[in-house]
Structures are given as C-alpha cells and as structure tokens.
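2 protein chains.
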Amino acid sequence: MDIGPYSFEEFLERATAFHGNPAPGLVIGGYMVEVAKSRLSEGTIFDAVVETPKCLPDAVQLLTPCSAGNGWMKVINWGLYALTLYDKYTGKGVRVWLDPARLEAWPEIRAWYLKLKPAKEQDKDRLLEEMRRAGESVFGVRPVRVKIERLKKKSMGTIGICPICKEGYPSKDGRVCRKCQGESLYMEMES
Amino acid sequence: MDIGPYSFEEFLERATAFHGNPAPGLVIGGYMVEVAKSRLSEGTIFDAVVETPKCLPDAVQLLTPCSAGNGWMKVINWGLYALTLYDKYTGKGVRVWLDPARLEAWPEIRAWYLKLKPAKEQDKDRLLEEMRRAGESVFGVRPVRVKIERLKKKSMGTIGICPICKEGYPSKDGRVCRKCQGESLYMEMES
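Sequence lines, in order, name chains A and B. Anchor point for the first sequence: position 172 equals 172 in the working numbering, and the numbering is continuous, going up by one each time. Anchor point for the second sequence: position 142 equals 142 in the working numbering, and the numbering is continuous, going up by one each time.
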C-alpha cells in the first residue's frame with residue numbers, strides 16, 4: 001500500500017535518507033500520519049502531537065509541514081505509539097494509535113510493538129512486509145479535541161546577556177542563563 | 001557564503017521545503033552546524049544537542065544525519081542559540097553559539113537575536129544578507145565534553161497493555177499509561 005504520495009519502496013528510500021535507516025516504526029508511522037491527514041477537512045491548517053520520541057516524529061516530518069524546529073510538531077514522551085493532527089485554531093483533530101487488539105493476524109508487528117522478542121531475533125523483512133500489507137487496518141482512530149492552550153508556545157520575553165557566559169538568554173529565566181544555573185550538560189575540555 | 005553542500009540560495013529552498021519558510025534562524029543555524037561539523041575529526045560518529053527548540057533543530061536535521069525521531073538529536077529548552085555536535089562514544093565535541101559580542105557590525109542580526117525590535121519592523125532581506133555575509137564570523141566556538149550519561153536513552157522496558165485505553169505502554173510508568181494518569185492533552189469530542 002502506498003504511503004501518502006510515495007510508493008512503499010519510495011518511502012523506504014526517503015526514510016533511509018532522513019532517518020538513517022528504513023526503521024519499521026517510521027514505516028508504520030507513515031501509514032498513521034496518512035490516516036490522520038485523511039480525516040481532516042480539506043485545507044485544515046494543522047499541528048501535530050506525537051506521543052513518543054521514537055521514530056514517529058520523523059514520519060510526521062516526512063509527510064507533513066510540521067517539524068521539530070518550526071513549532072508545529074510537539075513531541076511528548078508518554079511511550080505511546082500514537083499521534084494526533086489537529087486544527088491549530090480549534091484543537092479539533094484526530095488521534096491515531098497502533099491498536100494491540102488488531103494485531104492478531106500480524107505476529108511480527110505484534111512482537112515488534114509489544115517487544116515480545118529481542119531485536120536480534122526480529123525478521124525485519126517479514127515485519128516490513130506485514131506493515132505493507134496491514135496498511136491502515138491495525139490502527140485505532142478517534143476524533144479528539146486538543147487542549148491547545150497547554151501546547152501554546154510561551155513567549156521568550158526579553159533577551160538579556162548572561163553575566164557569566166555572555167550569551168543571549170531569556171531574562172525571565174533569572175539572573176543567569178539556565179546553562180549557567182548548574183544545569184550544564186558540559187564539562188569544559190581540559191586542553 | 002555556502003552552507004555545507006548548498007549554495008546560499010539552494011539552502012533557502014531546502015529550508016523552505018522542510019521548515020515552511022526560509023527562517024533567519026535556520027539560515028544562521030546552517031552556518032553554525034557547518035562550523036561544528038568542520039571541527040570534528042573526519043569520520044566521527046556524532047550526536048547533536050540543540051539548546052533551543054526554535055528553528056535550530058531543523059538546521060541540524062537538514063545538514064546532519066541527526067533527527068528528532070532517530071534519537072541522535074536532543075533538544076533542550078534553555079532558550080540559548082547554541083548547538084553541540086559530539087562524538088557519541090566519548091562525548092568530545094564542539095559547542096557553537098551566536099555571540100552577542102561579535103554582532104557590532106551586523107545591526108540586523110543583533111536586533112533579531114536580542115529581540116530589539118518587533119518582528120514586523122525587521123528588514124528580512126537585509127537580515128538574510130547580513131547572515132550570508134557574516135557567515136561564521138559571529139559565532140563563539142569551544143570544545144566541550146558532553147556528559148553523555150545524562151542524554152542516554154532510557155530503555156522503555158517491558159510493554160504492557162493499559163487497562164483503561166488498551167494501548168501498549170511502558171509498564172514501568174505504573175498501572176495505567178501516562179495519558180490515562182490524568183496527563184491527557186485531549187478532550188473527547190462530544191459528537
């Protein structure tokens with residue numbers, strides 16, 4: 001089954017180019033995105049919520065205008081294989097998830113999704129083939145209304161210069177930037 | 001000045017296709033990514049940290065193999081216009097940031113970065129032209145060592161079926177999934 005404007009094989013190529021490999025999660029995610037898109041009214045300006053950081057965000061980025069950097073895609077880490085596309089003004093949209101109850105006929109998808117066997121023992125060709133054949137049949141789909149006020153971008157407010165590192169930072173974060181507030185991920189190199 | 005494998009104009013096109021518009025933050029971010037890449041040893045397998053969700057993640061996604069969905073790019077919201085590329089095994093890498101002290105000669109970049117005038121009053125053509133001419137000259141660059149243990153992916157562990165919504169979820173999250181733990185972003189539609 002095609003994935004949006006792509007044949008299955010073309011989508012594998014696009015997935016490899018963007019994601020590094022044609023990950024199963026990206027392939028089934030492609031079908032999920034397309035189902036969600038198909039349920040929105042023509043011309044809807046939509047944003048996306050993705051409920052896992054694993055693979056699924058890249059399906060959204062490949063098949064919609066929403067990206068990590070333009071603010072139209074939010075990733076929340078609930079560990080759920082689900083996404084929602086919704087009208088950015090009203091919050092009305094559709095949530096699509098991978099439904100365990102629909103996986104009886106697809107043992108490789110089920111084993112992959114529920115982590116029933118180690119990655120090494122997966123038969124990846126068979127898994128992708130099951131995904132291609134299953135297409136949209138393994139998803140739950142439900143209209144939802146997103147609480148958009150919870151996802152609104154907060155303004156950064158005014159920008160100050162951090163007195164420690166001299167970089168620009170949101171003044172509302174305090175007297176010094178968050179990196180200098182002991183949250184640093186970095187050790188300076190000794191050299 | 002070119003941006004990696006692209007001419008300035010080609011990069012604007014790529015930025016528009018992926019991001020929706022040729023945002024200034026993406027353009028200057030493109031130069032930042034290329035500076036960081038140029039300081040890594042040839043063949044380094046690297047991950048990325050981006051210190052703002054605004055625009056910069058898309059520069060990384062356009063110019064490196066790192067993406068939101070493959071786990072090689074982490075976005076932290078410190079509100080700093082900075083990114084780090086680092087060896088994923090040793091944590092050694094280079095941090096690049098936009099340096100206010102180097103912006104005296106570039107009034108439009110300075111006004112944009114420090115939010116000195118409303119977006120409406122920005123001269124976007126002039127801003128992009130300043131970015132093209134300034135190229136790498138406006139960045140601070142410093143070798144760093146990333147505390148990689150803080151960024152390691154935590155295993156999802158075993159997957160259970162949420163007794164409320166019947167979706168697969170990480171069992172370690174508790175008796176029900178996080179969406180059903182009152183964290184929902186959704187209202188069900190009435191219809």
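You may find that some hints are simply not true.
Taking lysine-lysine pairs in the BS3-like style, the calculated list, with each CA pair at most 25 Å apart, reads [to be verified]: (1) A:154 with B:37; (2) B:54 with A:152; (3) A:166 with A:74; (4) A:117 with B:154; (5) A:88 with A:153; (6) B:154 with A:88; (7) A:153 with B:172; (8) B:172 with A:115; (9) B:166 with A:117; (10) B:172 with A:74; (11) A:172 with B:166; (12) B:74 with A:166; (13) A:166 with B:37; (14) A:124 with B:120; (15) A:54 with B:120.
Pulled from the structure, derived: some chain B residues nowhere near chain A, Cβ distances all over 12 Å [to be verified]: (16) 6; (17) 38; (18) 167.
If you are wondering where the hints come from, they were derived from the structure by calculation, not from laboratory data. Glycine residues also receive a C-beta, built at the ideal position from the N, C-alpha and C atoms.
Any hints this thing doesn't respect? Which numbers, in order?
1, 3, 6, 7, 11, 14, 15 and 18
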